[in-house]
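Enquirer: Next come the chains, spelled out residue by residue.
4 protein chains.
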Amino acid sequence: MSAALQLTVVGLGRMGANIARRINSHIDPSTPVSISVYDVSPDAVATMAKEGFTPLSSLADLKQYNNAANPQIVWVMVPAEVTAQTIKAVAEHLEAGATIIDGGNTFYRDDIANADWLKTLGINFVDVGTSGGVYGLDRGFSLMIGGDKPVVERLNPIFVALAPGVAAAERTPGKDGAPSQAENGFYHCGPVGAGHYVKMIHNGIEYGAMAAYAEGLNLLDATRNGIKHPTAVGGHTETNYDLNMAEISEVWRRGSVVASWLLDLTATAYTEDPALAGYTGSVSDSGEGRWTVQTAIDAGTPANVLSASLMGRFTSRGNDLYANKVLSAMRKKFGGHVEAKNNQDPKKK
Amino acid sequence: MSAALQLTVVGLGRMGANIARRINSHIDPSTPVSISVYDVSPDAVATMAKEGFTPLSSLADLKQYNNAANPQIVWVMVPAEVTAQTIKAVAEHLEAGATIIDGGNTFYRDDIANADWLKTLGINFVDVGTSGGVYGLDRGFSLMIGGDKPVVERLNPIFVALAPGVAAAERTPGKDGAPSQAENGFYHCGPVGAGHYVKMIHNGIEYGAMAAYAEGLNLLDATRNGIKHPTAVGGHTETNYDLNMAEISEVWRRGSVVASWLLDLTATAYTEDPALAGYTGSVSDSGEGRWTVQTAIDAGTPANVLSASLMGRFTSRGNDLYANKVLSAMRKKFGGHVEAKNNQDPKKK
Amino acid sequence: MSAALQLTVVGLGRMGANIARRINSHIDPSTPVSISVYDVSPDAVATMAKEGFTPLSSLADLKQYNNAANPQIVWVMVPAEVTAQTIKAVAEHLEAGATIIDGGNTFYRDDIANADWLKTLGINFVDVGTSGGVYGLDRGFSLMIGGDKPVVERLNPIFVALAPGVAAAERTPGKDGAPSQAENGFYHCGPVGAGHYVKMIHNGIEYGAMAAYAEGLNLLDATRNGIKHPTAVGGHTETNYDLNMAEISEVWRRGSVVASWLLDLTATAYTEDPALAGYTGSVSDSGEGRWTVQTAIDAGTPANVLSASLMGRFTSRGNDLYANKVLSAMRKKFGGHVEAKNNQDPKKK
Amino acid sequence: MSAALQLTVVGLGRMGANIARRINSHIDPSTPVSISVYDVSPDAVATMAKEGFTPLSSLADLKQYNNAANPQIVWVMVPAEVTAQTIKAVAEHLEAGATIIDGGNTFYRDDIANADWLKTLGINFVDVGTSGGVYGLDRGFSLMIGGDKPVVERLNPIFVALAPGVAAAERTPGKDGAPSQAENGFYHCGPVGAGHYVKMIHNGIEYGAMAAYAEGLNLLDATRNGIKHPTAVGGHTETNYDLNMAEISEVWRRGSVVASWLLDLTATAYTEDPALAGYTGSVSDSGEGRWTVQTAIDAGTPANVLSASLMGRFTSRGNDLYANKVLSAMRKKFGGHVEAKNNQDPKKK
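Protein chains in written order, with my numbering: chain A, 570 to 918; chain B, 570 to 918; chain C, 570 to 918; chain D, 570 to 918.
Each hint should be verified, as a subset may be incorrect.
When chains are identical, the list treats them as one kind, so a pair holds in a single copy or across two.
The list that follows gives simulated cross-link-like pairs (lysine-lysine, DSS-like), each with its CA atoms no further than 25 angstroms apart [unchecked claim]:
id	residue 1	residue 2
1	688	657
2	744	901
3	797	744
4	657	797
5	744	632
6	718	688
7	632	688
8	619	688
I should point out that these hints are in silico values taken from the structure, not numbers from a laboratory.
Build the full structure now, drawing on both the sequences and the hints.
Expert: As structure tokens, then:
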């Protein structure tokens, strides 16, 4: 049995803490990992210490693990805006041969800059796009990995522990024999940046798929106050249903073409809050959705759905307001139209 | 000189009244038109009577103009939702050979039903898509016409009076000789419905072009509070301009590729209200924009821009609210994300 | 034990035949169903007869099952364009009290007309949106049902047999006790039409979600020939990966936010044909996607993603050609631009 | 009368040569400008020399105009990809106090880098977004200007000569007195970069407006082979027109809401080539359209129409191919759908 890998997790937010916990609880005993933890919040460190992880009181404590025969590994899991500075601070205390993993939501083109700088110190860099959210601790994380082959391969025991494993889904028809990496739930996509590139697009797809469900459910909801269908001049028929979204999202979970984990979560949300009364509909967005569309534009690759889903989030926060004033101003000028004081649509705010 | 055409304008709202006035003031003396007017509002009729138009006190008065040798013409210019019933009510008092013009915003496929029914009475039907809005009285109206050829040709003097005339724009290079109908500003597009079909698409284009300006001006406005451009991880540069939209819309009016009448109106609006403070940004939409996209779908013809501009209006009225609650619910479930209490965007409502 | 329900399946295409088979193989013995079958193709009937189903040689044979005490049930499963005429032909041979199920892809507003007509004969109508495709025989079908309550309830044994059952997915957290209808995979959504309405939107969502994956995978593929990112004037960096889509679609199947049945199918497709060499990219669309967007427009409900995904299919078949010629013509006129003879994009056709 | 401004135009392509010519022919005699010209192509220089412009045989010749009392001005008008290096090469031969104008299509954020570097040499920088295309020589150019106020003001005589002048369009209602800069057709938008920022968005709007016309005309064209409108199950009506696009684009030029210069050009194109037979529909795009959408994303500002119009160009070049293969693969998997061999749409390629 080889010496235990020496891993420090830096950043003990929800994701970082669960990464440490999942590795600890799922590591194969034949490939042990010794885990220490650090966070700028001493409380976060103390919590993990109580769970049995070795606490570091400062990044300088990293030095104790420097060991040319068993180079240490640091998993950086901090918010995107402090990732670069954290990597720099960590690197100060490492020796050549060590490996820094960036498991956060970093733009893949920034990885290359980070990796190039670390290379001047002889430190290896691996980017790991990490999907799974708050469910990852139990379900395992889907890992998209970029880096040099031997560097990544040495980390395999860690990835095996984190990933859901082949049993988490039925095997794809046509696949047999020993499950591949990807079937186990982690995959070395390519050189530095490739992991975050694939994760970026994963999130872009997530935006589009989420919007598809949201638009569809919006149209189900629209029947509550009636949809008027013009027939001939001045006439109309009307669609009036009072649909139960909790049940509809549930029935789609089994046997339908749109069954998905996002739908599972939607059904869960409806079970807890059938009218979605707890939400105002102001939807944030993060870097990955934006980078995906901006990269598609650089590539000259159409991404109408991903773009529309991203921009729908901007609109949810009212960022179309000035544009709409311009439209109203034009309409008033050419048609003498006055803005509606009252809603004409059943669902108008 | 032939006998004066006998025309009654039914519906004396802004458009109908101006149609009557423009014909009256611009008719070629060699092709005289005698104009009577009717509206459900006696006040509207009285106003026009003061201007010299022959008032009708009821639709039954139409009977006096029945004349097989000089069949009368009725221009119906009423809101879409009462067009069909008005046509029916008018037809009751007409004889075979008369012509009803529908100058309103009727769905072209309804024209065909209206025309077929009128045909059983021997009454002709002509659909006229009429663009020009409140400026039409002075500038003339752009007319898109559908109907049987001889029926339409008899109406030419009316169309000539209404249309802007060839001098309203520089002639298209390559065109010389006697100006065509279209160069004069009216055009017999095809059989019944073709006029409203072309007008419908005209309005669809109008939606798309309006949205293009509105989105662009929105992005000009966004510089007021700064646009953050991420550079490397955690870093950004910022665009901070305080642009003068009134001047920018003005400078584009001369020599630029985006010069247009919509831009002229935008510049006018900014001159009157530089901050667009008088508008709330709740933008109505009407049938034509909707029918255009629905027809494109029947045709299997992509219309991404027209569709996005139409749906932007729905969104301006808050009809995306439920969809956005669904997105928030999903995000909370998979990522534990809490909805932003405060704006993260400079321009958030 | 009650008398066996008398069911005839009319239309033995892939879907209809599997509906009959699944009911036969999964019916609860305590609620037996006696199944007869009919199709315009005698071969199709003969095949099913060999499997033990009672063959009908003509629709007139339906008469033998007329029984006021145990009114018969006919499941019509034929292409949309012949559904109305098939329902009419079937109804001729039924007595009052019978029930016709339309399990096809009918527009929900046509259901109402069909049901109203059947009501004049005393025949009940139930619409069943049926999702599951070629996998339904084994996995079960997701059923969205519209109709009158007692009529639908009598059919429950059939729906239970067809649906996947609660074990087909983990139960939604928060749900316990006896599984609901929806948890079993079928759901009575509301009155006539509601089943097809929900199925229509289900398919609309399907279009949007499919496009999200397709656009994302397109952008993964774009790295194969390099994506140029402008840096400063005249400069650029380049993204060059050679990504393995089969492995990436596989890794996302476990633990990631975009895990779904559509992704499972994508992984299967890549396993069989890693380069997708067997596909030309001409993508059909069917009624549901179109109706969804057209209905959203009637409702004034934005559906940007669903619309873009629908129109992407039109574009895949080249229906944007004339629009693009117009763009080229404009560009030549204002800028003297000549159309590119050669590709400037790495992936240009 | 002050000493003549010393201007050198560097880059004598279509735009650069016309800039020189327009200044020469339209300069106010009370504010003379002495114009020299340079290009990497000696032929281009020789052509202009024949027209009376002072030829430079190399950039080193710029040195002769160095004059602290009357600092020289260089208008750089070269393709975007060589702009930065040209500015650098020009600057080598200038003295402090000189001004370089970048009139090309440079990304506004690159202007700031260029200006900062020139400032270290004491050289001023002005960015001028220049719209007007091949018609600019006769119609004048619309100029959007960024830079320091005194530097820009000194150049006013040049801008006055280039701009169309107030007479090029009717004055906006509400404006009287001496016309503003913007009314003359040029406008100092703000500091360095603001000119190109406004021009960038101008082009973004241009993309959106062009697409609006193109989509609308596409739908007019679709009637040629018939549009099928489903009525009830299995039934449909059909729209069959044979519309004359040359006449329709002409009729819209006068009095309609969509009158614009782009429409003027469209009418011209149809006059020359009514069937647009000379175009294949492969449409290029340039930096401004891409930067506009990417900047909107940085700003969190929705730009659905501008994005769709940009991506429509990518699609016109076939860059949606791989995405469409993915869709076909999914459809085959879940529905057993075979790709259509023949067109189902009337207009399919």
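Enquirer: Next step is simple, just say for each hint if it's right about the structure.
Expert: The hints, checked one at a time:
no., hint, result
1, 688 - 657, "within (12 angstroms within a copy, 33 angstroms between copies)"
2, 744 - 901, "between (63 angstroms within a copy, 19 angstroms between copies)"
3, 797 - 744, "neither (50 angstroms within a copy, 36 angstroms between copies)"
4, 657 - 797, "between (60 angstroms within a copy, 24 angstroms between copies)"
5, 744 - 632, "neither (45 angstroms within a copy, 50 angstroms between copies)"
6, 718 - 688, "within (15 angstroms within a copy, 47 angstroms between copies)"
7, 632 - 688, "within (19 angstroms within a copy, 46 angstroms between copies)"
8, 619 - 688, "neither (36 angstroms within a copy, 59 angstroms between copies)"
Hint check: violations occur at hints 3, 5, 8; the rest are consistent with the structure.
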